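Chemist: This is what each chain is made of:
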Amino acid sequence: MTVRIALPPLFSERIGGRGAVDLTAPTVRAALVKLGESYPDLNSLLWRSGDVVNPFLVVFVNDQDIQSHDGLDTPLHDGDEIVVVTSLEGG
Amino acid sequence: MRFLSDQPHPSPDQVLYHRFTVDLGSGDIRAEEIPCQNLEDVLGGFGRSFQILENHDVKEAYHRNNPLIVNTGILTGTTVMTGLRTYFSAYSPLKSSNKGLPAAIWSAGSGKFGSILKWTGTDEIIFNYRSPTPVLALIQENADGPSLTLKPAHHLLGLDTHEKIMALQKEYPDAHFAVIGPAGENYKNVYYAAVAMSTVNQLKSGDDKCRFAGRGGMGSMMGYKNLIALVAQCKDKLGKLTPTVRDVNREIARGPGSKKFRDQSKGGLGGTWSNYQPLQKAYVLPENNFRPKGHDLPERLYRENQEAAYVIKDESCFRCGINCHKNIYERKPDGSKGEFRAKFDYEPLDLLATNLGIHDAEQALRLVRIVDNMGMDSISCGTTLSYVLDYNERHPEHSIFNGATFGQFDAIFELIEMTGRGELPEMGRGVKRLSEKMGEPDYAMHVKGLELPAYLPDTNPGYAWAIAGGHMSMATFLLLVMENDTTLDYWVKAITERGLYQVRDDLIGSCKFAGMNHAAALQAIQGATGLELSEDELLAAVRRAYLRGLKLERKQGYEMGDYTLPAQVFEEPNSKLETPHFITREFFSELRDRVWAVFDPEIQAL
Ligand code: SF4
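Taken in order, these protein sequences are the chains called A and B. Numbering of the first sequence is given in the working numbering, commencing with residue 117 and proceeding in unit increments. Numbering of the second sequence is given in the working numbering, commencing with residue 199 and proceeding in unit increments.
Keep in mind the hints are simulated off the structure, nothing from the lab. Predicted model, so just to flag it, every value in this text is computed and none were measured. Some clues are possibly wrong.
Cross-link-like lysine-lysine pairs, in silico, BS3-like; alpha carbons within 30 Å at most [what the hints assert, rightly or not]:
id, chain 1, residue 1, chain 2, residue 2
1, B, K749, A, K150
2, B, K749, B, K691
3, B, K691, B, K257
4, B, K753, B, K635
5, B, K774, B, K749
6, B, K511, A, K150
7, B, K479, A, K150
8, B, K535, B, K464
9, B, K511, B, K402
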């Protein structure tokens, strides 16, 4: 499934300003793993120990929080948009 | 601003900005168009004002030689929906070096004032000297360009921020305003007075919904200058929306950068207030003077725990689709919206409630509102107060002021009111001065003389390199929680390669909550003004502006010893925090050497 992952500035500043990445993956977990493989500088933001996703990230697929679906195992379909957001922001 | 060339990439001197220079002593006003000298001038904000301050020798903030600069950024007043910023810059009465010299600072606020100011044709106003009597500055648009007139303002004295704005609205119904409150009028005894700016929602509803330029005492500077208000009057001149700006606005309103600040009903995370949960989960939510207790009392102020008692509405400054303001209204028995009470943004809520040992929403609402009405910076006021409460808890036998300690709402409220009225100069001059006087500076939560925002210093060594407020001018304050990396290499990089670029929006006139990445900011500038810049050019200008801030600190006597954290961080690690304790004196000293090894040569080359 070809999907787009949209990233907040905290992520994009580490990958040359790129605000979104297109890739193919069957699930959200696979998409995030692939993202980290393509851009290793993002791994410390994406993951805690092993395959536990950073608890301070909120991940949406087509504007739906993945927690209201199957979490990281949420299946993806062609054209889906994943949005990664940090649950902490200053101001 | 006026572009003399229609090239997409004109040289800076082909861009003119309009400046008024006002001699408040004599009443002389000079208007001129000035060619930009470099890209920082073109972009505006502190990029331009710090170059002006560089040329002033100021030994005391309250001195006739200290100019107050009011300006905007290149995006202010454009069709970019978050282009709403106004900047106030001066040598600060609050932030000062250990040698006692005042540091240069800027403070930014949204609202509609900046847009109207820009639409009058004015890009910058420098207020020199001091008016012998209270005045307001009226900036208007005339057939032959902008005009500025000084008018008597005795009638505004004694009114709070909101009352001043409502009184001015009667005189100037189609204008917007920047005013000080009682704290600014009592500038001698309050060094952290803020400037309140009107919002469209405030003028329409009559509710108390200003936005503030809070940091560094710019309201105190207005008070010192006897400048009680600024009035910008001009018909709306929002330009034509270009397809590029439409795309940028769509991204701002719907993209990942602002999702945190948008309402949950609009697919967002609910604004800065929603920082409470994740920070509390890791027990790094400031409580009782930045000393989390590891218990669940702060959870009472979670938004979800207040939904039943209040109607919470997401509202905006003016035409901004993010609607980040979380305005709290009474809930009537039938469930509908009642009277407006106050706004709950993360910083004021934590620093004026949880960090003072207050866990009750009713009390929090009253504390947030009184600080706004008095016209004080909620960060500096809250952080100074938490020190007082801490001191009194440690010294019940010889407590200070009214003896207030954590959780004592009535006594805390009284301290705030008295401070705003100028009756408690030791409290009103900030935590650095107070703690030094009390001989107990170790738990005074400031860095370089400026009170800390609501993020623990135990988690952020980068505070030492913030130049205008710990979280608004160095984006390292949430990194430990987000990434948990405690290596030196990581922190050197975080400060010198990433964190400093947070000040980009303090040049260009956009609200930081837009969450634009650099590509989007460039697109916004191009779409709104036609100016084409490369990312390298933009970032180089931002870096120079930031480094000039460090250079100005040195000029004002800042030395190695000023670049540190509250001693408690090193000496008394808080075992309740779930984040690792890594900021030892050794770590910090090595970090300082390595950060300066990067910055020093660049500062010298400026
Ligand atoms: S994000 Fe909030 S503060 Fe910023 S312009 Fe929009 S409504 Fe105003």
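Chemist: All the hints need checking, so say for each whether the structure fits it.
Modeler: We went through each hint and held it up to the structure:
With a C-alpha separation of about 43 Å, the suggested pair B/K749 and A/K150 falls outside the 30 Å cut-off, and the hint is violated. For the proposed pair B/K749 and B/K691, the alpha carbon gap of about 20 Å is at most 30 Å, so the pair holds. Straight-line distance between C-alpha atoms of B/K691 and B/K257 comes to about 34 Å, which puts the hinted pair past the 30 Å bound. For the proposed pair B/K753 and B/K635, the alpha carbon gap of about 25 Å is at most 30 Å, so the pair holds.
This hinted pair does not check out: B/K774 and B/K749 have alpha carbons roughly 38 Å apart, beyond 30 Å. As the CA atoms of B/K511 and A/K150 are separated by approximately 39 Å, the hinted pair breaks the 30 Å bound. Between B/K479 and A/K150 the CA atoms are separated by roughly 29 Å; this keeps the pair inside 30 Å, and the hint holds. Taking the CA atoms of B/K535 and B/K464, the gap is about 20 Å. The hint holds against a cut of 30 Å.
Between B/K511 and B/K402 the alpha-carbon distance is near 16 Å, which keeps this suggested pair within the 30 Å criterion.
In this structure, the earlier hints numbered 1, 3, 5 and 6 are contradicted, and the remaining ones agree with it.
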